[in-house]
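Assembly of the complex is requested from the two constituent chains, each provided in isolation within its own frame, with the hints serving as guidance.
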Amino acid sequence: MLQTIENKKVTRAAKATKKAIFLLVSLLSSVSLFANHLTDEIDSVKEELHEEEKAFNAGEMIMHHIADAHEIHFFSLNVGTPDEKDYSLYLPIILYTEDGLKVFSSSNFYHNAIHSEHGHAYKYENYVLFDEVVYYSEGEHGLEFSEDGKVLNSAPLDFSITKTVVGLFLTSILILLIFLSVAKAYKRNPNKAPSGIQSLMEPLILFIRDDVVRPSIGVKKADAFMPFLLTVFFFIWIANLLGLMSFIGGYNVMGSMSVTLVLAFLVFVITTFHGNKHYWKHILWPDGVPLPIKFILVPIEVVQIFLKPIVLMIRLTANITAGHIIILAFTTLIFIFGQNSAVAGYGVGAGSLVFMVFMFFIELLVAFLQAYVFTLLSAIYFGSAVEEAHH
Amino acid sequence: MVLINLLAAPLGTIAWTSLAFLIVAFMLKKMAWKPILKTLKDREEFIEKSLKSAEDAKAEMSQLKADNEKLLAEARVEREKILKEARDMKETIIAEAKKTATSEGDRLIASAREEISKEKAKAMSDIKKQVAALSVDIAEKILRSELENPSKQESIVEQHLNQSQLS
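Protein sequences appear in the order of chains A and B.
Residue numbers for the first sequence follow this note's numbering, beginning at 1 and rising by one.
Residue numbers for the second sequence follow this note's numbering, beginning at 392 and rising by one.
Incorrect hints may appear among the rest.
Calculated cross-link-like contacts (lysine-lysine; reagent style DSS-like; alpha-carbon spacing at most 27 Å) [said to hold, decoys possible]:
| id | chain 1 | residue 1 | chain 2 | residue 2 |
| --- | --- | --- | --- | --- |
| 1 | B | 472 | A | 184 |
| 2 | B | 461 | B | 449 |
| 3 | A | 220 | B | 421 |
| 4 | B | 443 | A | 192 |
| 5 | B | 472 | B | 489 |
| 6 | A | 192 | B | 461 |
| 7 | B | 519 | B | 532 |
| 8 | B | 509 | B | 519 |
| 9 | A | 184 | B | 432 |
| 10 | A | 187 | B | 420 |
| 11 | A | 220 | B | 420 |
| 12 | B | 425 | B | 440 |
| 13 | B | 425 | A | 184 |
| 14 | A | 221 | B | 421 |
Hint data in this document are derived by calculation from the structure and do not stem from the laboratory.
So here's chain B without its partners, still in its complex pose (with noise of 0.2 Å):
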């Protein structure tokens, strides 16, 4: 009998039971479950939005890094190109300087012996010039000198005649 007792299920106990429960399911819905399941939730998605700004950021990271290095590589060819191009422009200013300093030269050279031969030219006939006058001074000189004694003006007659005989 007691047995049966153990099995039952009073319509007293249902009653509270029903009561202190759905009191109980509600309150705790509305003041426990609600924002603890809500607060689980945004933590959740907290720590998941923060991993993944974190894997964003080590993604720009590493997309700076490259762009840096490609910047750098970049820079890098500038510069040997820019050097290159300086040391061109080096060799052909050399070079145009040498040779427009050799054709200078030439020229000058050129210049220089025409205006030593002329002025050479020049000199000569000037020097042939004063020859002439110093050896007709000089004829007249001598031959003054030489026919200011009437003897010696006849040996010379003589001596061309004598000559003038021979041939």
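Only chain A is shown next, with the shape it has when bound in the complex (with noise of 0.2 Å):
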């Protein structure tokens, strides 16, 4: 009886320590976040500024950044020295070619740079790395380009595993493991109020399930949709959690138009398959509206079936990558203004880390509402394909 006792006192300590470790450990990296984030852009632009040895060029410099990639880049030492070092994660490349499947590390590419008038292209074999796009090398410069700049070459089928595929892995071990151990949580104490990190699911699922699935659907018919919609809320929302912490790598999973595709087409098809005769007799011929109208009214309504998932894929997109883009659009400031002087790089500086600090929180934020938006969206439209005709 003690001895329980004991155990339950020692089980409820550890438990503490646990949560305490986590607050802090949350509350450090958040610090250390926008630290890192700082440090690890201005690494880049040096090294970028070094190797050009021309004008800062902001637009390229925050494309780069925004862009897909096949290496996780942390830092780099000794900036343009003999001997300097780039601390990157080197990621395989999965080539689906005429030969079959290729598999090898990017480091092969990045370690065999060729310069072009173009900008600098990786080769490897008888592949070229070009704007992290991988193509079949051709010619002797491995590149050919077109007269308005665009590239000739032709490109094998790249499975490879790039750095938003690791975004996307993180995101969904992430998910996982949080919503397997609060569903344990669930099935072990089910009438008792939630503890851990369950108390900290629970409002934000209930928030989903009362306060978007269940309006826009109805009750009866919501808990059809509520997996899904759980898993998309929570998917955008821990992807674009990890994008913000850029000292992990600076994952853009949202704001990769292919990932949201995927989200989008998803929805799209749920939407089609789930249209109820009412669904599609007010697309294709709708009530109390005169002929000639429906002859208008009826090919935007079709139009429209397509477009609302495109509208939720480009929206979500272009806030997540909007976002990415005005914190590092701070960061080019100081450079640029740095070129001309040191003085006023560091008060630019200055000005612009409290800009970056600001826009930091509202990115926090705006990566919570744009998984609510697209989730909320997503419902409205179930909501409506699943509507019965009375009103």
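Structure below.
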């Protein structure tokens, strides 16, 4: 008896410590997150500045940081000296080529730079990596360009584990870890008040159910869509939060059109397959509309079926990308002014920092907000698909 | 050019996303959302049921209380009635007893009186008889004594004769 009490005390103490550590880590990470973000950006900008030895191109630098890559770059040491060292995680390249499947490390690319007037490309065997796209190597320089600067080379099917894919996997693992443990907690204490991470997630789950899904779809039919919408919400949210932690690589998962495309496509498929008679009739032959108007209205409605998910996709990508661009833009400001004089650089740097902190908090909000908006709109589309004809 | 790259959706990423998301969605549906949503629903139903039963118990309590009060009031009325009946009965009994006692007394007095008068009459007649016998005795004695000496007899006769002469 005494022992069990003692044990309970110990586990409770362990739990409390765990909680405290978790809190501390999250607090520290949110602080170091930002500091790291800054140093990360500064490092890579420095590197770029040195390499190109020409006027600092803010636009190119920002785009480079937002675009997908075949490596996860953490930081570089001794930039500009002969023993410059990059600390990166080189990701596997997986190609489906004419000769079958090819798998090799992207370090093979990144250590074989070839320079041309269009920027630097990387070559390995008969493949060339340019702007993070893998092409078949052709001609003596490996790449052939059209007159307006487009790459003419053909490309193999690229199933590489890129930075975005890694972010995607991390998100998947995180979400599974979190919610499988939460589910376990629910199974263990079915009629008890939530505790631990369960108490963090329960209000969110209830919020999605009671304030997003049920009002949009209706209590009776909401249950069928709950699993998908909950997954979408937490997937987007966690991916967005991951994207804000630039010190682990700066993933831009939801800023990647491929990812949002898949999510939007699933929304489209579910809406279309759940569409009942009332839904299709509303689109194809709306009631109470004069015949000539129908000829205008019906095409618009039909286009809308496709437009709605496309808008979902673009909204999410654009919002997340825009947030990253703004933070990066404030970073580049420092270097633009720093090019003229160091004093101006430091002065603007201080101002930029304030704005970056501000933007960072805005981004934390946006990360949640975009997940919420995507879920809400999906729920509304599902709701319109299963709505019964009585209004 | 980089901008175009940014808006592109490479097939590889699409494939990986589909795979990862579908696996996650499927696993979460089976292993997380189902038990979580079910538990939440069960818990809500449990709370609702508990609240309802509490409400019912409360209603039942007040019903019981009302019943008790009614019973109490009825008992009180009953008691009053019984007491009143008892009081009435007491009075009737007393009245009846009084009445019986009075009539019995009257009757006794009457019979006593009758007896007395009867006894009196009997005694009177006895007394009369005895007085008559006594008086005869006395008269006889007196006559005897009176008539013992002849002189006295002669005076009496004379007296009587005188008297008769007078009349």
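Need the status of pair residue 221 of chain A, residue 421 of chain B: alpha-carbon distance at most 27 Å?
The given pair, whose Cα atoms are some 19 Å apart, holds under the 27 Å limit.
| field | Distance restraint between residue 461 of chain B and residue 449 of chain B, which requires alpha-carbon spacing of 27 Å or less | value | 18 Å, holds
**Message:** Checking one constraint from the list: CA of residue 220 of chain A to CA of residue 420 of chain B, max 27 Å. Satisfied?
**Reply:** 19 Å, holds
- Pair hint residue 509 of chain B and residue 519 of chain B, alpha-carbon separation not exceeding 27 Å: Cα-Cα ~15 Å, so holds.
Open item on the list: For residue 425 of chain B and residue 440 of chain B, compute the direct alpha-carbon distance and say whether it is at most 27 Å.
Closed with: 22 Å, holds
Proposed proximity, residue 461 of chain B with residue 192 of chain A (alpha carbon, max 27 Å):
43 Å, violated
- prompt: Does the alpha-carbon distance linking residue 187 of chain A and residue 420 of chain B stay inside the 27 Å limit?
  reply: The hint holds at about 15 Å.
For a C-alpha distance cap of 27 Å, please report whether residue 220 of chain A and residue 421 of chain B respect it.
Between residue 220 of chain A and residue 421 of chain B the Cα gap is close to 20 Å, so the pair holds against 27 Å.
Could you grab the alpha-carbon distance between residue 184 of chain A and residue 432 of chain B and see if it respects the 27 Å cut-off? Between residue 184 of chain A and residue 432 of chain B the Cα gap is close to 16 Å, so the pair holds against 27 Å.
_Just to be careful, I want the Cα atoms of residue 443 of chain B and residue 192 of chain A compared with a cutoff of 27 Å; is the pair within it?_
At roughly 19 Å apart (the allowed maximum being 27 Å), residue 192 of chain A and residue 443 of chain B satisfy the hint.
### Message
Does residue 489 of chain B sit within 27 Å of residue 472 of chain B, going by the straight-line distance between their CA atoms?
### Response
Answer holds: residue 472 of chain B to residue 489 of chain B is near 25 Å, not above 27 Å.
Does the structure keep residue 472 of chain B and residue 184 of chain A at a Cα separation of 27 Å or less? Given pair residue 472 of chain B, residue 184 of chain A is violated - Cα atoms ~70 Å apart, limit 27 Å.
Checked against the numbered hints given earlier, this structure breaks hints 1 and 6; the rest are met.
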